[in-house]
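Order-wise, the sequence lines are chains A and B.
The first sequence begins at 88 in this note's numbering and counts up one residue at a time.
The second sequence begins at 1003 in this note's numbering and counts up one residue at a time.
Simulated from the structure, these hints should not be mistaken for laboratory data.
Among the hints, a few may not be true.
Simulated crosslink set (DSSO-like; lysine-lysine; CA at most 30 Å straight-line) [as the list claims (entries may be wrong)]:
1. K1045(B) with K1106(B)
2. K347(A) with K336(A)
3. K1168(B) with K1101(B)
4. K232(A) with K190(A)
5. K232(A) with K336(A)
6. K232(A) with K321(A)
7. K190(A) with K162(A)
8. K1220(B) with K162(A)
9. K232(A) with K347(A)
10. K162(A) with K232(A)
11. K321(A) with K190(A)
12. K1187(B) with K347(A)
13. K424(A) with K1220(B)
14. K424(A) with K1045(B)
15. K321(A) with K336(A)
16. K1187(B) with K1101(B)
17. K1106(B) with K162(A)
18. K424(A) with K1187(B)
If we take Cβ atoms under 10 Å as the criterion, some of the chain A residues that face chain B in the derived model are [stated by the list, open to error]:
19. D262
20. L272
21. L275
22. K336
23. S339
24. L340
25. V341
26. G412
Glycine included, C-beta positions come from ideal geometry on N, C-alpha and C.
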Amino acid sequence: MAVHSERVQAPSPDAGEAVVDGTGTTVAGGGAGGAGPKRTRPPGAPGLGSRFAPYLLLLPATLATIALLGWPLVKTVLLSFQNLNRRQLVMHLTEWTGFDNYKEQLTDPDFWSVTGRTVVFTLVNVVLIMVGGTLVGLLLNHLGKRMRLALSISLLMAWAMPVVAATTVYTWLFDQQWGVVNWFLDQLGWHSMADYNWLSSQYSTFFVVILLIVWQSIPFVAFNMYAALTTIPKELYEAARMDGAGSGKIFSLVIFPNLKPFFLATTFLEVIWVFKSFTQVYAINGGGPENLTRTLPVHAFLEGSSGQHYGIGSAIAVLTILMLGALMAYYFRIMIKQEDEL
Amino acid sequence: MRRSLFGRTWPNVIAVVLFVFFIFPVYWMVATSFKQDRDIISKTPVFLPLDGTLDHFTTAVNAPNFWTYVANSVTATVGAVLLSLVIATLASFAIARMKFRGRKAFVLVVMIAQMAPWEVMTIAVYMISRDNDMLNSLLPLTLFYMMMVLPFTIWTLRGFIAAVPKELEESAMVDGCTRTQAFVKVIFPLLAPGLMSTSLFGFITAWNEFPLVLILNKEEGKTLPLWLSSFKTAFGNDWGATMAASTMFAIPVLILFIFLQRKAVGGLTDGAVKG
């Protein structure tokens, strides 16, 4: 799956990363302590090597994670307590300022409006993605073979489209002068849109960004929804139908309860992905016009890197990570309850 | 039960509309890249470019440093994927086949690492690279891309390894193989498809990466996504060339994805749905 992984990851491209589980079920076992046939070593001597073998195998992965993921995380926290602007950067000064950056952010109305905007932005996206994805998944289940294949291919294309290429295409589709969207709206009779500049206002920019994200994310949900639907035994539908249930009832009484874990997990994954999405928001309009489409990750980047207030940018990053952390903690609680095999 | 004509038709009508909605941007990208300029800059869009041209591809390929960026992207991506495959194979063998203390904790870390907020960690990565004098270099890019795809790689390979019946390994050991030999001779060959598809996903993730390279590398150190995003600015209204560049960047991924599709969906749902 990709979402982008950024998916995708991800999906996006980010999508590529999504993943709720691998392919098979793990039966943990195979005893490291010599549970297997012991021909290779004398009985009774549970070689040191084999006791430490798993740790040895995990060593490279552990070291990489500590150095390449753990350290940047710690570094983000450390930077957030420093006064680090252009001057300090050039002169290699380290000035600790305690909680000043946090105090500044938490009392800054801008920070709170960006946060509120990010929450609303995430909600709108996730609702559209989940509802759209579920409906498309149900439709896939309903279609004949040929139509299903055609729709799958077009979904696949949208899903696989690299995020940067997709943002470029969307700016072209929504181009003020020559964009095909404006032409289309004009043809439909909405003549004031013939020369509309989509990037000129907050809402229209968000419209383009959200359309882009939803367009790229629906396929992931739809495919998984479709795959999940095929796991529901046919008898359940038949039984419900015999009892006189209509489509709505079938969804709420048969499909939804059966796929509840799927809905929960997917919704949370989408929330996390959308909340931290950067490329789409940044590449469409750079957080503009007038900074009105900044979301938290874009805000952190623009303050920290472009504005060269690295300490403040890091503080925003830490606050963002804390919010994501809360979301993830909840997600993992659900997952762990489900995954006994973990 | 007979359904009415209406009942049979509407799903297909909606499907056609959705088909167009999802494929159109991709089609428009490819179509624009082949169009003559007069068909791009025209008040009525041309939907089928019958008198196509390759000029825009020439413009894009001849853009300054194009081949440097291709080389950068390929180096960082392939390096990251190969490194992560090696590291992940070792780790996933341990978690799929061995029992030891800390196994659960490790799996949990892998799952969390998979969602690491790289988008907001870029400032710290910038500082680390700068302190080590490695801005505009491919080494940090390769290493951090490796880390971005590592959790996913471990997680997926774990599934593939677990799917190889343990008896195969055991009978190899009965026949006198050591555990290592059993792995190399029995499991590893069976893992080939798994390694393939896992690495292709890793490839796609790293190939598309944008936020980190945006802050780390400039000028000759750029990769293709960064080049593409600045291309738009540099070439202004040359939409033909911009779309040609996007097409060249996207096509390898689109093709890979078609091959991977089954594995992607299957792998995901196996775990997601069992409730």
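Verification of the hints:
1. For a cut-off of 30 Å, the pair hint linking K1045(B) to K1106(B) is broken: about 61 Å separates their Cα positions.
2. Pair hint K347(A) plus K336(A) holds up; C-alpha atoms about 15 Å apart against a cutoff of 30 Å.
3. Between K1168(B) and K1101(B), the direct Cα distance comes to roughly 14 Å. Compliance with the 30 Å bound is thereby established for this hinted pair.
4. The suggested pairing of K232(A) with K190(A) is violated, with an alpha-carbon distance near 59 Å, which exceeds 30 Å.
5. Between the alpha carbons of K232(A) and K336(A) the distance comes to roughly 26 Å, so the proposed pair stays at or under 30 Å and holds.
6. A C-alpha spacing of about 18 Å is found between K232(A) and K321(A), which places the hinted pair at or below 30 Å, so the restraint holds.
7. As the CA atoms of K190(A) and K162(A) are separated by approximately 19 Å, the hinted pair is consistent with the 30 Å bound.
8. Proposed proximity of K1220(B) and K162(A) is supported: the alpha carbons are some 23 Å apart, at most 30 Å.
9. With a C-alpha separation of about 27 Å, the suggested pairing of K232(A) with K347(A) holds against the 30 Å cut-off.
10. Between K162(A) and K232(A) the alpha-carbon distance is near 53 Å, which puts this suggested pair outside the 30 Å criterion.
11. For the given pair, K321(A) sits about 58 Å from K190(A) by alpha-carbon distance, which is inconsistent with the 30 Å threshold.
12. For a cut-off of 30 Å, the pair hint linking K1187(B) to K347(A) is broken: about 42 Å separates their Cα positions.
13. Only pairs whose Cα atoms come within 30 Å are accepted, and K424(A) paired with K1220(B) is rejected, the gap being roughly 46 Å.
14. A distance of roughly 58 Å separates the Cα atoms of K424(A) and K1045(B); the hinted pair therefore is violated under the 30 Å criterion.
15. A C-alpha spacing of about 16 Å is found between K321(A) and K336(A), which places the hinted pair at or below 30 Å, so the restraint holds.
16. A threshold of 30 Å between alpha carbons decides the hint, and for K1187(B) with K1101(B) the separation of about 22 Å falls inside it, so the pair holds.
17. Restraint check for K1106(B) and K162(A): satisfied, since their Cα atoms lie roughly 27 Å apart, inside the 30 Å limit.
18. Only pairs whose Cα atoms come within 30 Å are accepted, and K424(A) paired with K1187(B) is rejected, the gap being roughly 37 Å.
19. Checking D262(A) against chain B: minimum C-beta separation of about 7 Å stays under 10 Å; hint holds.
20. Given the 10 Å rule on beta carbons, the hint for L272(A) is violated: about 12 Å separates it from the nearest Cβ of chain B.
21. Because the smallest distance between the Cβ of L275(A) and any Cβ of chain B comes to about 14 Å, over 10 Å, the interface hint for this residue is violated.
22. Because the smallest distance between the Cβ of K336(A) and any Cβ of chain B comes to about 16 Å, over 10 Å, the interface hint for this residue is violated.
23. For S339(A), the suggested interface contact is broken, since its CB lies about 17 Å from the closest CB of chain B, more than 10 Å.
24. Hint on L340(A) is violated. Least Cβ distance to chain B is approximately 16 Å, over the 10 Å limit.
25. Below 10 Å, beta-carbon pairs count as interface contacts, and V341(A) has none with chain B, the closest being about 14 Å; its hint is therefore violated.
26. About 9 Å separates the beta-carbon of G412(A) from the nearest beta-carbon of chain B, less than 10 Å, and the hint is met.
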